[in-house]
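Engineer: Let the sequences and hints guide you as you build the complete structure.
Protein chains: 4
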Amino acid sequence: MTFTEHVEITGHLMDTGVLSRVLDDIREYGGDWVIEKIDVGRKYTDMSTATIKVWTEDEDDLQRLLMRLQTRGVNMVDPGEAAVDVAEMDGVFPDGFYSTTNLETKVRFDGRWVQVENPEMDCGLIVERNDGGTRVYTLPMADVKAGMNVVSGAAGIKVTVPEADTSSEHFGFMESDVSSEKPQAVLVRQVAEGMREAKANGLKVLWVGGPGVVHTGAAPAMVALVHAGFVDVLFAGNALATHDIESSLYGTSLGVDLSHGRGVPHGHEHHIRAINTIRKAGSIKAAVESGVLTGGIMHALVTNDKEFVLVGSVRDDGPLPDVYTDVIDGQRAMRGKLTDVGFCMMVATMLHSVATGNILPASIPLVCVDINPATVTKLADRGSSQARGIVTDVGLFVEQLAIELVPEYRRKD
Amino acid sequence: MTFTEHVEITGHLMDTGVLSRVLDDIREYGGDWVIEKIDVGRKYTDMSTATIKVWTEDEDDLQRLLMRLQTRGVNMVDPGEAAVDVAEMDGVFPDGFYSTTNLETKVRFDGRWVQVENPEMDCGLIVERNDGGTRVYTLPMADVKAGMNVVSGAAGIKVTVPEADTSSEHFGFMESDVSSEKPQAVLVRQVAEGMREAKANGLKVLWVGGPGVVHTGAAPAMVALVHAGFVDVLFAGNALATHDIESSLYGTSLGVDLSHGRGVPHGHEHHIRAINTIRKAGSIKAAVESGVLTGGIMHALVTNDKEFVLVGSVRDDGPLPDVYTDVIDGQRAMRGKLTDVGFCMMVATMLHSVATGNILPASIPLVCVDINPATVTKLADRGSSQARGIVTDVGLFVEQLAIELVPEYRRKD
Amino acid sequence: MTFTEHVEITGHLMDTGVLSRVLDDIREYGGDWVIEKIDVGRKYTDMSTATIKVWTEDEDDLQRLLMRLQTRGVNMVDPGEAAVDVAEMDGVFPDGFYSTTNLETKVRFDGRWVQVENPEMDCGLIVERNDGGTRVYTLPMADVKAGMNVVSGAAGIKVTVPEADTSSEHFGFMESDVSSEKPQAVLVRQVAEGMREAKANGLKVLWVGGPGVVHTGAAPAMVALVHAGFVDVLFAGNALATHDIESSLYGTSLGVDLSHGRGVPHGHEHHIRAINTIRKAGSIKAAVESGVLTGGIMHALVTNDKEFVLVGSVRDDGPLPDVYTDVIDGQRAMRGKLTDVGFCMMVATMLHSVATGNILPASIPLVCVDINPATVTKLADRGSSQARGIVTDVGLFVEQLAIELVPEYRRKD
Amino acid sequence: MTFTEHVEITGHLMDTGVLSRVLDDIREYGGDWVIEKIDVGRKYTDMSTATIKVWTEDEDDLQRLLMRLQTRGVNMVDPGEAAVDVAEMDGVFPDGFYSTTNLETKVRFDGRWVQVENPEMDCGLIVERNDGGTRVYTLPMADVKAGMNVVSGAAGIKVTVPEADTSSEHFGFMESDVSSEKPQAVLVRQVAEGMREAKANGLKVLWVGGPGVVHTGAAPAMVALVHAGFVDVLFAGNALATHDIESSLYGTSLGVDLSHGRGVPHGHEHHIRAINTIRKAGSIKAAVESGVLTGGIMHALVTNDKEFVLVGSVRDDGPLPDVYTDVIDGQRAMRGKLTDVGFCMMVATMLHSVATGNILPASIPLVCVDINPATVTKLADRGSSQARGIVTDVGLFVEQLAIELVPEYRRKD
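Protein chains in written order, with the numbering used here: chain X, 1 to 413; chain Y, 1 to 413; chain S, 1 to 413; chain Z, 1 to 413.
I should point out that these hints are in silico values taken from the structure, not numbers from a laboratory. Be aware that a few hints might be false.
Which copy? The list can't say, so a pair holds if one copy fits it or any two copies do.
[Stated by the list, open to error] Here are the simulated SDA-like pairs of lysine to any residue, each with C-alpha atoms no more than 25 Å apart in a straight line:
| no. | residue 1 | residue 2 |
| --- | --- | --- |
| 1 | K145 | P321 |
| 2 | K106 | L338 |
| 3 | K204 | A142 |
| 4 | K280 | A83 |
| 5 | K285 | A87 |
| 6 | K378 | G251 |
| 7 | K285 | A142 |
Structural biologist: Below you can see the structure in the form of structure tokens.
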């Protein structure tokens, strides 16, 4: 017996290769298809629409396939009404729950489409209905409570893929590949333009950074960017903050003598002492206020009243008192800072970049800069389709970005 | 004014280049030195001893330099007696606390040397004195309580570097460098020999693994190694366990169809559903017992009564119910499993490898296998001097290791 | 003014993303298009056909665009007759010459299609007409002579893309991406199957290798493959042969002691002496026959009467007497060995792999194995669309391949 | 029976780890040793001297070991007189020939030390004696003629290791390791200083470059450096020149649209046509003079009367008419340009960097910049002890270098 559904997709189908990925998905789930109709855009600016009949041998497979296809922007022709199941245990979704994408999503109840709040990947959809109407929002698995209403299956759901702004110059780079062989000066200008645009629209610039920011000597440039207002929020771990503080307290970062470019590999002694000093002060902010910490990125964030969320990892020493040691609490804190973010810049960290990519709506432009191609590729592979990767030297890139965005930066040098 | 101390080091000084690293350290801390005496081993098997006078302009610098030198096995000629300060706050060491190495360490009180329990890097030394005598043990910063006695400064402390077994064949590889151009079949045999030796001595083999173990197809080989008794403890994160379980439940790992080698990049839908299934069961063990989970690495560990510690990270979905979401709790759980570990095998994970390297005594042989040279290099850079790195394909390496260690493995293939 | 042409493409258009690449090409050449007709395959096994009108502002651009599109298998709807220009100088093609692909190609004269001999990339098409009919063959730029007839422009030419054998198991891997996270044991079996199939069809297996074959300890496995008949031709440089011979003469390769896995980095002294020894003998064959060279890959090739082409590079010492020091002569020698090649295996060399990829017809299956993702990616980027890349450890991969293909191999171990 | 020799080494032995490498060499050649005397520098600025007795079981091994040790600056205590053998065949050295290092070398005849001309690695030493005295010079194996006198064995030879200028700021970086985690702005300044110093001393700056110079957008910066006199000679292959010329003729490089940072992978059609155009003109210089080529790096070199040597490789298309297709001829041409070179900058090429490292005297400062750590490591591994490696983005690095060295560069931007 076969289970069948008609789905449709609209967009620059010929142009983007999305159709071949959709057909790959169908094959992966053991399904088959017929393309029933295809309306091809004749010109470059035209949109195409395809209607595809898909079927599988198993009903569950079909539901799961339909959910998967939604990550590509494929919706059912006749989505029907959303179904809801009740969670029976805390922290566990009902079987067959709808697993979210980070795309703009609508859910239909009683013939009306309700917009989902805060789109995020790999969550469930919680439904609250009361006199004020129906509210649907994403919730991570760990936060679901017994008794909550959770959307089940793929019916009654519609997602919208953000339109790639193909006409525009900026962010035309790296749409689908990762390379170190691109003219970097152009990329610097494009990233600067993206940040300026976010600020011009009253939106925040979110940075996600690893300790490489400090090791590569990018800290002074980043401090200049903080002062100039191009860093509204920082997501990082214990390492970036520790090495930044160590560098301010002792002029070193993991034993690398930063002003002369000489380095010795270890130097664990410096950083553990730096952490102890801040723990004694009570917090990074307290250390700034008491005059213990007088420079660096964290100091700049505090003195400019910018926000940061530091989330720990299993390899941390200390950690600094500001670090969330519970990673789920840390994720919650990060989610709390996403409102009004209009641009996201990931630098020299795989762990926190992937974490941020998971919770960031697909509509927010995102750039990942790392010297390691694997980091950039991994990020793209995680499904953050809006991610642009730049394989380059972090120190020089951030330096160039500061020169581009902060006219007075070089004079201080 | 200068502050002076005489230090000495014994070992294969000419042979290992350690002396040049010691002098680099002195320079890094702004110090100077005179080599007062050097007793050179005439023959290859002889040990050399050097006595060095070191001085700095600042007394604190000297203390810190002396602590640093101990990471190289350099001790004071006249160590004197250990000094102790009282911790004034929970979670904060006194200023000037002695920051530990992972070397065998002794502390002198009243003219007697006390052996430090459980050597570990970047901790403080806690002193407990009572009628039964004096006990000294390492404690991470987060666990110190106000009122505890903490060793301060470098006086009264002696460390011992494990002697590299230079006469022996195994583990002659990779003493100081990381390379992908080594005959891999030889390395496989050397690692196998290290594991057999640990087991023959009644010691445990600890594995530290990342999800690459599953992606590269190494899971069947690792299952065979679990059954054959060569995996006593596993340290990992949410990802390895999830992808292993996903692979058992759906035959895929992040969408990679493992039996045919075809892959599609994303597939987030599978893994989130796998996690939900195990959360519903209550734990991995419960899922095995109830028949939900019937294969894979985690299943093999449970059915063979082996131990595992899963520690979460900020990018985790779910996570699985067995995962420690608090990383400091996770570190404590890992420490709890180190007793009687005689060999450590790190595969395809930087995060958990570095975390384990931090808490593992220097005396335990340790091998790190990864296809990414950066991971192996990073581990060595963290100060795990006993680390040997092998840059190779994880899937083929573990496969070869299983063929070497488990005679019946290939017949099942 | 605009210049217009109608082109068509047939294939699994939806499935392969080729259409989006075609449209990218048009945009790159400053052109525009309308998709006039598209006949979509309804089912997975169906072929699709698209007819596209393309135009540019400049006639030369259009001709060049049409040539470019042929690399995708896009032909003109009405190709007309081929035009011919006469070369005016040795070593220089006429302006506007047709630049070849490595696809099966036909050229039309007087209404009849003539098959192009030996398809190869980046060449010109030479036309010879006499009583016996019309002959068209590829010729590299360096070999063209004044007075030769050279096809000009895109008219009268038709190419055929080899059909990806999507139904078959083997070589489903890596169709469009490069990854180190694939189950390697499966890949080994697929490569073995490809070699067996070539041999079963009476075709030759061509290996292209770099010195990493020796450094990673793969030489014994490769020797076994030579003896078993799975290496018919070897393309390499001075380095592979030298390190192989050095290893036979002195038991080392660039100072790496291969039997113990210990290595020291340099050792230039060994290899220059090995080269001198072979130069004295006159050739590798002479050194084998006189008993100077008694083992290794080159010895196995000589004693099994297999062929090799060694082409030098600017960094060579010596070189060995068999090495072509003129790279254009070397390319000619390589071309001379391509007849009846049915499978190509590239191992641990970027330089010779790219060189071989340039001259190999697209119809020959090709696998590139390297631990460095950049090598594999570079190869694919060069336009060798038939290339499959495997990022893995060369030593273990060739070892596994020998175990798979040569049953008695392990017993010798 | 054992064969014994006394050797000595003077230098910062404790500081540099050279002694441990010497002992490794002895072990690799199956030898043994006793350190008979060691005179330790007491202070940082003091030199140490060690006298070591070495012995082997075989006389040939001893001779070869002594030659190897000379690459470390280890000389015989009593070198005696040099021995000479006569070459019996063209292109073949006598057995037991002395294989050269790239260090300053002296040879003793009749009690007088003769300075070796043009030190270069892996060559023989040719002796010419006549009324004017004795002349000794290096000669590559391919160039030796029957009847020439060639130094044999290690006797009568003394080498001098260039003193690392440890007191100085510049070039303290990266003495023994390769890292991407160094503050890049500092490295830029150090390289700039090295170039300024060479020019101030009336010496030439040699660049060795790969096509990545063009792909990463560094060409405009490099053009500025040519105009400002910081590029006296360029060693490269067909690819750098072709992509540079292609970029000037068509505004693309291998299909990468450089002004917008958009790229498509292939684009073979552009570059083959660019080569044909230059071949038609006859040479790059002729193309500049006839107005065909009006911009780019090669154009800048021609118009500024700077020199370049292009040496081909087996993967070349065309090649350009200026390219040496015989690699041994190419090496000769490169050697011819080394006179008065005072600084060498290697950018984005492994092949030509290694080739240059082989023929460059050890006394010339050398910097290798690449985004791929493997390239930098490989260069160091080849024995170019004077090589400093910087893992960074080539485009940004050369851009920054131009800003540092050419004050007016940014204004043009």
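Engineer: Run every hint past the structure and note whether it holds.
Structural biologist: Hints, verified against the model:
Only between protomers do K145 and P321 lie at most 25 Å apart by alpha-carbon distance; the minimum there is 15 Å, versus 30 Å within a single protomer. Only within a single protomer do K106 and L338 lie at most 25 Å apart by alpha-carbon distance; the minimum there is 20 Å, versus 50 Å between protomers. Taking the closest pair of Cα atoms, K204 and A142 never come within 25 Å of each other, the shortest separation being 28 Å inside a single copy and 34 Å across copies. In this assembly of identical chains, the alpha carbons of K280 and A83 lie at most 25 Å apart only when taken from different copies (21 Å versus 53 Å within one copy).
For the identical chains of this complex, K285 and A87 are inter-copy neighbours only, at 23 Å across copies versus 41 Å inside a copy, given an alpha-carbon limit of 25 Å. In this assembly of identical chains, the alpha carbons of K378 and G251 lie at most 25 Å apart only when taken from different copies (22 Å versus 33 Å within one copy). Proximity of K285 to A142 under the C-alpha cut-off of 25 Å is restricted to the inter-copy arrangement: shortest distance 19 Å between copies versus 31 Å within a copy.
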